[in-house]
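Novice: Listed below, chain by chain, are the residues.
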Amino acid sequence: MKEYRALFRIKFIGGLQYRAAALAGLTTQFAWGFMEILAFVAFYRANPAAFPMEFSQTVSYIWIQQAFLALFATWGVGGDAVESIINGNIAYDLARPMNLYDRWFCEAAATRVARATLRCFPVLILAFVLPEPFRMSLPASAAQFGMFIVSAVLGFLVVCAYCMLDYMSSFYTMTRINLVFAMIGDFMSGQIIPLPFFPRPFQAIAEWLPFASMQNAPLRIYSGNIAGMDAVGCIALQFFWLAILLVLGKALMRRSLRRVVTQGG
Amino acid sequence: MIALQNINKIFRVAKRQAGFGRAVKALFSREYEFVHALNDISFTIANGEMVGYIGPNGAGKSTTIKIMCGILTPDSGVCDINGRTPWRDRVAHVREIGVVFGQRSQLWWDVPVIDSFELIRDIYKVEDRLYKTNLDELTALLGIFEILKTPARSLSLGQRMRCEIAASLLHSPQILFLDEPMIGLDAVSKIAVRQFIKKLNRERGTTVILTTHDMQDIEALTERILLIGKGQILLDGGLDELKRHAGQRRTLIIEYNGDAPEIREGMSVNEAKEGRLVITLDPAIMAVSDAIAHIAANTELNDVSVSGASVEEMVAALYREYRI
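Protein sequences appear in the order of chains A and F. Number 479 in this note's numbering belongs to position 86 of the first sequence; there are no gaps in the numbering. Number 162 in this note's numbering belongs to position 146 of the second sequence; there are no gaps in the numbering.
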């Protein structure tokens with residue numbers, strides 16, 4: 394474990410030095426959050442009865458999403474994995490006594506945590522002091538908050554495991570950005586609009602997919618939209634999908650490494 | 017102990033002619049070419065040997081190195097390194113080897129070199145005492161003490177390469193693979209690195225396998241040469257053997273006044289300037305003494321020097337001989 398801790402540390406420290414990028418990100422996230430809330434306000438005023446979440450729940454959902462965008466977005470963190478596959482530095486990665494899947498997972502996770510650390514506090518602080526209807530509320534109970542934390546960690550790991558499949562697709566496509574993975578993940582995980590706003594039959598299916606185990610679960614548990622036993626079930630489903638994605642990813646890695654060719658040099 | 021037996025590797029390369037029409041056609045049917053990168057490669061290297069692995073561009077040097085490092089799986093053949101098959105037992109195998117790929121970097125780009133070294137220490141789980149001894153020795157011998165705190169991205173190529181070499185040796189590997197480690201080094205650094213590699217081989221008994229295009233490296237470092245061309249081992253032996261293969265050709269450098277000497281059979285002019293001639297002589301056709309006598313009889317000589325073919329010329333001659 395020592396090597397993974399050291400790797401996490403160096404990537405984390407490395408990630409903290411990009412202050413300008415963090416500032417730019419923050420601005421975007423504030424602006425995006427406001428715009429989203431404004432859109433939902435208009436929607437709510439038009440017909441409160443047709444609004445599938447409580448309004449305050451929607452606001453909390455949006456602010457946590459913006460604060461922790463770096464943890465839950467299925468895009469934006471290309472990872473050293475893709476770079477390594479494309480530029481051939483995978484040769485050095487393979488010359489290390491480490492499991493490559495674990496290593497890349499660790500590096501991507503560290504990059505995400507570093508970015509989130511730089512960005513979450515200003516967003517959260519502002520979201521708590523804003524006037525209504527923009528203000529974010531606290532979770533209903535300590536138990537609800539505890540379940541949020543567990544679910545958030547799981548959701549983060551599910552995102553990392555899902556993105557590993559994306560990274561490894563570079564073995565086959567040899568491109569840096571594979572939009573299919575990012576866009577499906579973006580839409581189906583509730584990044585664009587929360588899942589409760591989907592049409593009923595569609596939502597019923599989406600709730601069971603691995604994408605719902607990403608940000609959907611922790612964000613709705615925080616806001617109280619999913620509570621009690623439903624939240625426990627939701628966390629169990631997250632465990633299930635995390636296990637499936639990890640097994641799938643490790644199998645794909647073994648398969649890819651058998652046919653890996655480091656070209657040139 | 018490194019033993020390779022009948023290693024084969026074929027790459028499939030997509031090919032197409034230049035031009036738009038061909039590019040469109042390639043969307044539907046693609047032509048592939050099969051490149052036999054390694055063709056029945058076999059050799060053994062004993063512990064503590066220092067071997068120069070040479071061959072023209074694209075001969076299969078790096079492919080062999082990658083197979084020996086466990087990075088690439090060959091199509092067929094057996095490779096046994098200290099009782100392990102590299103690609104099957106990769107993690108255990110790479111713990112005991114060090115690698116420098118001259119064209120790539122193993123240092124983390126945006127952190128000081130020393131941070132990369134410490135990370136490598138943690139990855140290989142090197143004990144603190146051993147790490148400290150190795151670090152002190154490597155920084156002193158490679159002259160990198162002043163640049164340890166500099167981020168890798170601001171190093172010059174030569175500085176970086178010396179750090180790369182140090183980075184591959186922090187865990188005291190038994191075998192060191194150097195794939196073109198001298199790229200970008202200036203004359204002083206080259207000599208320092210050569211001395212360092214020699215010392216490493218002599219004092220720690222590290223097995224060193226080195227690929228290079230610089231024949232001075234080969235001359236200075238290795239007792240044994242493996243020459244590979246078009247995926248086949250063409251020559252496995254010492255420098256002497258290489259010399260024997262390349263014949264006994266001599267180079268005459270003549271400085272003279274007045275008219276240029278007449279060129280006779282067995283001589284060929286390499287370089288001609290006013291007052292200076294460089295002649296390659298084949299002693300089988302004309303003896304060295306005859307050649308000098310012939311030139312001296314017709315020309316007013318200022319200076320004559322005779323030298324054997326350089327290793328570069330020998331290798332070039334071998335390449336021609338094997339048509340690679």
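It cannot be assumed that every hint is accurate.
[Claimed, not checked] Now the in silico label distances, taken between C-beta atoms and shown as ranges:
#	chain 1	residue 1	chain 2	residue 2	range
1	F	S188	A	W468	39 to 47 Å
2	A	A536	F	S188	50 to 58 Å
3	F	R38	A	F595	40 to 48 Å
4	A	A417	F	T60	53 to 61 Å
5	F	E47	A	F427	35 to 43 Å
6	F	Q21	A	I585	51 to 59 Å
7	F	R46	A	L523	53 to 61 Å
8	A	A533	F	E162	57 to 65 Å
[Said to hold, decoys possible] The list that follows gives simulated cross-link-like pairs (lysine-lysine, DSSO-like), each with its CA atoms no further than 27 Å apart:
#	chain 1	residue 1	chain 2	residue 2
9	F	K165	A	K395
10	F	K148	F	K214
11	A	K395	F	K141
Hints in this document: simulated from the structure, not taken from any laboratory. Heads up, the beta-carbon is just placed ideally off N, CA and C, and yes, glycines get one too.
Novice: Should the hint that Q21(F) and I585(A) are 51 to 59 Å apart at their CB atoms be regarded as holding?
Specialist: 58 Å, holds
Novice: Taking only the CA atoms, is the gap from K148(F) to K214(F) under or equal to 27 Å?
Specialist: Distance ~22 Å between K148(F) and K214(F) Cα, so the pair holds.
Novice: Range hint 53 to 61 Å: satisfied by the CB atoms of R46(F) and L523(A)?
Specialist: Once the Cβ atoms are compared, 57 Å apart, the range 53 to 61 Å for L523(A) and R46(F) holds.
Novice: Do the beta carbons of A417(A) and T60(F) sit within 53 to 61 Å of each other?
Specialist: 58 Å, holds
Novice: Hinted pair, alpha-carbon criterion (27 Å max): K165(F), K395(A). Please report holds or violated.
Specialist: 23 Å, holds
Novice: Does the structure keep K395(A) and K141(F) at a Cα separation of 27 Å or less?
Specialist: 8 Å, holds
Novice: If you check the beta carbons of R38(F) and F595(A), does the distance land in 40 to 48 Å?
Specialist: Distance hint for R38(F), F595(A) holds at roughly 45 Å.
Novice: Take the C-beta atom of E47(F) and the C-beta atom of F427(A), compute their distance, and say whether it sits inside 35 to 43 Å.
Specialist: 55 Å, violated
Novice: Could you tell me whether the CB distance from A533(A) to E162(F) stays inside 57 to 65 Å?
Specialist: 59 Å, holds
Novice: Cβ-Cβ distance between S188(F) and W468(A): within 39 to 47 Å?
Specialist: For W468(A) against S188(F), whose Cβ atoms are near 43 Å apart, the range 39 to 47 Å holds.
Novice: Regarding A536(A) and S188(F), is the given constraint of 50 to 58 Å on their beta-carbon distance met?
Specialist: 53 Å, holds
Taken one by one, the earlier hints fail for this structure only at number 5.
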